[in-house]
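Q: Sequence:
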Amino acid sequence: MEWDDDTLRRFREGTPEVLAEVYRAHAEPFARLLKSAAWRGAFTRLRNAMELENTLLETFARAFEPRTRAAYNGTRPYAHFLMGIARNVLLEQSRERELVGRDEPFEGLTESSPEDGGLAELLEDREVEALLAAFKDGLSRQEQRLFELRFSEGVAQEEAATALGLTRIQVRRREFGLKSRLLGFLQSKGYLEDLETQGWSFFKRRSAR
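To convert, note that position 46 of the sequence shown is 46 in UniProt numbering; the numbers rise steadily by one, no gaps.
Nothing false has been slipped in among the hints.
Derived Cβ-Cβ restraints for the label pairs, each shown as a range: (1) G190 with D6: 52 to 60 Å; (2) R10 with Q170: 18 to 26 Å; (3) E129 with S94: 32 to 40 Å; (4) G190 with E53: 36 to 44 Å; (5) E28 with E65: 20 to 28 Å; (6) A134 with A163: 19 to 27 Å; (7) S188 with M1: 46 to 54 Å; (8) S36 with R76: 17 to 25 Å.
Please keep in mind that the hints were generated in silico from the structure rather than gathered at the bench. Note that the structure is predicted; figures quoted are calculated from it, not measured. In this text, a Cβ means the ideal position worked out from N, Cα and C, and glycines have one as well.
Given these sequences and hints, build the entire structure.
A: Quick look at the structure:
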C-alpha cells in the first residue's frame, strides 16, 4: 500500500478502516519475513506456528498503539518498522522466559509451584476466599467473566477470547492487568508481600535488594 499524506494522517489518528487496510496489506508478508528469519537461525522458536502467530499479533498490537503510530513517518518501509518492533517483542519474551522459566501465564489460582510461594495453600484460607470474593465484586462484568474463565475454570486463552469476543492479545493484556491488581489488592491486606508480577506470568519472587 502507498503512504500518501492523507493515509498517514488517518493512520496516526487510528481510523479503523486504515488500520484494517494496513494489517491486511502487511500481515501475511510480514509473517513470511519472520518465518524466513527463524529458519535462517534468528529466534528459531518462531518455527513453531503458535509462536509465530503470537509474535505477529503482539507486534501489530504494539504497532497500532497511539505512540507507535505517531512514530511512523510514512517513508521507511513498514515491514522494516514492524521488524524493529518484533525484535523488541522477542527480546522481551526471551528475558521473561529466562527469569520465569516458562512460556505461558499462570493457568489457575489453585495450582502451586516453587514460584508462587505456596499460593495454593494460602487460597485454602477462608479469609483469603472472602478477599477474592470482594476483589471480584469490584470488577466489571467482562473482567469477572475473564477471571472465572481463566482462573477458576482454567479455560485456555484462545477459548476465553472467543467467549468474550476479544482477540488473544486483548485477553493477555486484560489478564495481566487483573493479575497485577489482584496481587496489589492481596498485598494491601497483608498477603504475598514478597511476590511481584513479572512479564506475563502471575507471580515471581522479588530478588533480594
